[in-house]
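Spelled out from the first residue to the last, the chains are:
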Amino acid sequence: MSDQLGLLNDMRLSILDGDAEVSRQLAERALADGLEPLTAIEEGFVPGIHEVGVLWEEGEYFLPELVTAAEALQSAMAVFQPFLGDKVSVTESGRAVIGTVAGDIHDIGMTLVGTMLAAHGFTILDIGADAPLETFIEKAREVDADLVCASALLTTTMTRQRDLASMLAKSGIRAKLMVGGAPVSAEWANEIGAHGYADNAVHAVNVAKELIRG
Amino acid sequence: MGTLLMQMGLETGEAPESWLFKEPEKVEQAHRDYAEAGSDIIQTNTFGATPAKLAAAGLEGQCEILNARAMELARSASGGKTLVAGNIGPTGKLFPPMGTATEDELFTEFRTQAEALASGGADLLNIETMFDLREAICAVRAANATGLVVFTSMTFDKLKRGHFTMVGDRIGSSLTALRNAGAQVVGLNCSVTPATMLSMIQEARECFDGSIIAQPNAGDPQQSPDGIEYDVDPVSFAAYLLDMVEAGADVVGGCCGSTPDFIRETRKALDNRG
Numbered sequence: 001m002s003d004q005l006g007l008l009n010d011m012r013l014s015i016l017d018g019d020a021e022v023s024r025q026l027a028e029r030a031l032a033d034g035l036e037p038l039t040a041i042e043e044g045f046v047p048g049i050h051e052v053g054v055l056w057e058e059g060e061y062f063l064p065e066l067v068t069a070a071e072a073l074q075s076a077m078a079v080f081q082p083f084l085g086d087k088v089s090v091t092e093s094g095r096a097v098i099g100t101v102a103g104d105i106h107d108i109g110m111t112l113v114g115t116m117l118a119a120h121g122f123t124i125l126d127i128g129a130d131a132p133l134e135t136f137i138e139k140a141r142e143v144d145a146d147l148v149c150a151s152a153l154l155t156t157t158m159t160r161q162r163d164l165a166s167m168l169a170k171s172g173i174r175a176k177l178m179v180g181g182a183p184v185s186a187e188w189a190n191e192i193g194a195h196g197y198a199d200n201a202v203h204a205v206n207v208a209k210e211l212i213r214g
Numbered sequence: 001m002g003t004l005l006m007q008m009g010l011e012t013g014e015a016p017e018s019w020l021f022k023e024p025e026k027v028e029q030a031h032r033d034y035a036e037a038g039s040d041i042i043q044t045n046t047f048g049a050t051p052a053k054l055a056a057a058g059l060e061g062q063c064e065i066l067n068a069r070a071m072e073l074a075r076s077a078s079g080g081k082t083l084v085a086g087n088i089g090p091t092g093k094l095f096p097p098m099g100t101a102t103e104d105e106l107f108t109e110f111r112t113q114a115e116a117l118a119s120g121g122a123d124l125l126n127i128e129t130m131f132d133l134r135e136a137i138c139a140v141r142a143a144n145a146t147g148l149v150v151f152t153s154m155t156f157d158k159l160k161r162g163h164f165t166m167v168g169d170r171i172g173s174s175l176t177a178l179r180n181a182g183a184q185v186v187g188l189n190c191s192v193t194p195a196t197m198l199s200m201i202q203e204a205r206e207c208f209d210g211s212i213i214a215q216p217n218a219g220d221p222q223q224s225p226d227g228i229e230y231d232v233d234p235v236s237f238a239a240y241l242l243d244m245v246e247a248g249a250d251v252v253g254g255c256c257g258s259t260p261d262f263i264r265e266t267r268k269a270l271d272n273r274g
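Protein chains in written order, with the working numbering: chain A, 1 to 214; chain B, 1 to 274.
Keep in mind that a hint or two might mislead.
What the hints assert, rightly or not - Only part of the chain A face toward chain B is listed, based on derived beta-carbon distances under 10 Å:
| hint | residue |
| --- | --- |
| 1 | A32 |
| 2 | E58 |
| 3 | Y61 |
| 4 | P64 |
| 5 | E65 |
| 6 | G103 |
| 7 | D107 |
To be verified - A partial selection of chain B residues facing chain A, derived with a Cβ cut-off under 8 Å:
| hint | residue |
| --- | --- |
| 8 | A55 |
| 9 | A56 |
| 10 | F131 |
| 11 | L159 |
| 12 | V167 |
| 13 | P221 |
It should be emphasised that the hints constitute simulated quantities derived from the structure, not laboratory data. Beta carbons are placed, not taken as given, at the ideal position from N, Cα and C, and that holds for glycine.
Kindly generate the complete structure, drawing on both the sequences and the hints.
Below is the structure:
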């Protein structure tokens, strides 16, 4: 294996290990060796985080591993940030208001998504479970949110996502709406006019980033 | 309990604990309904009554008074005919790397609630719906310090590789750790259907020889013209609980969606078993 391939592989492993110190050092070494930051990111660190997502879906990795992996990615990205300029948008983060809609007290999935978004550099305003729709709007306005994330775990409460979509549209707030939850699907998200849908916390990070990129 | 209070009109955004002073008659009636349905143990309306969880619900500084009030209502409804369990749920705080909680902090949270429930006259403490073994152990230690009998259930998901909590705890090692921390009865509640929980109880019994409690949901939630309904009916629910007893559960009960009808059928089924 060439030096560069070995370095890229170590980057991938540092993410899989969730080792933020090692990933930072590898990022610094890449710069010192003259490796293009984009190459390091796209061929080293990002394959690692994708693999973490797969391992999570397979039930090999759990919430702590997801979070440490995301932190390791953040730590490497922080090293590259000054050299990236506007070339790459993977470090983009934003402000997200997250909650489970009124009438629904399930908060584990929402917490999972909030934690993953926070680990990827989003500023999270958690309004909790059973959150009145007005609160989503008020908080989004208050913090000038990029994203509103609404979870619903019941077939009865998912209709509130539709109400929230129309309230957001009327409010004139710029935030985009991402929905999720056990009974929710991409078709549903589309039908109600939500901007994005994610079926798990790993997917939610990708969707959130895409939405923010516009 | 929560399901019944919602049927009785608990509003969106209202913490169930807020009804302890606002609608005490309804809370007491819910307890009475469960007692009359044949429960051996009823439990207080205090699932979210640790200081941190109450503060998050806008009930800051009311841990002692709300837990005392909850015990008072449950004991009055019981009239000495059932045992009364003080109910304790997760704090909502997460340990690193997910959050910033420390074991000392969570122990103090649980100790404050456990002491209030014990002072109010709880016969036992029932810790439920724990999804992180570390938090569950903090709760068990705090509950244990009251000298009361401690029941503890955790909630597991069915994944491709088996049954795990969201932080990766497995059933067998969790139950053993909870017992070693001082819980007398340990087991599973919430999240899954009775059918899935039956297979989890079978797994638990294979690797754990202590007393086991099983409290499944009444199936998956469904929309109906009358509101939320769960897709397992009371008779089928009771049959599943009997199967769990056969599989080695020592204590059975219901979680989300299990209204007094479910408990009544279960009582009947348990009493009629050969």
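Check your understanding: Minimum Cβ distance from F131(B) to chain A below 8 Å?
Key -> holds, 7 Å
Point to revise | Given hint A55(B) near chain A, where the shortest CB pair must fall under 8 Å | key: Status violated, d = 12 Å.
Check your understanding: Is the hint on P64(A) kept, meaning its closest Cβ partner in chain B is under 10 Å away?
Key -> holds, 6 Å
Point to revise | Minimum beta-carbon distance criterion (10 Å), E65(A) to chain B | key: holds, 8 Å
Review point. With a cut-off of 8 Å, does the beta carbon of P221(B) approach a beta carbon of chain A closely enough for the hint to hold?
Key: Holds - the Cβ of P221(B) comes within 8 Å of chain A, reaching about 5 Å at its closest.
Practice item. Under 10 Å, Cβ to Cβ, is where G103(A) needs to be relative to chain B, so tell me if that hint holds or is violated. Key: Hint holds; G103(A) Cβ to chain B Cβ min 5 Å, cut 10 Å.
Exercise for review: Have a go at the V167(B) hint: is there a Cβ in chain A nearer than 8 Å to its own Cβ?
Suggested key: holds, 5 Å
Review point. Can we keep the E58(A) interface hint, with Cβ of chain B closer than 10 Å?
Key: holds, 6 Å
Check your understanding: For the hint on A56(B), does the least C-beta distance to chain A fall short of 8 Å?
Key -> The hint holds - A56(B) has a Cβ within 8 Å of chain A, the shortest such distance being about 7 Å.
Exercise for review: Would you settle whether the hint for L159(B) is holds or violated, based on the nearest Cβ-Cβ distance to chain A being less than 8 Å?
Suggested key: With Cβ-Cβ at 3 Å, under 8 Å, it holds.
**Study point:** Interface restraint verdict for A32(A) against chain B (beta-carbon cut-off 10 Å)
**Key:** With a closest approach of 28 Å, the A32(A) hint is violated.
Exercise for review: Go through the hint on Y61(A) and say holds or violated, using the shortest Cβ distance to chain B against 10 Å.
Suggested key: holds, 8 Å
Going down the numbered hints, you'll see the structure goes against 1 and 8, while the others check out.
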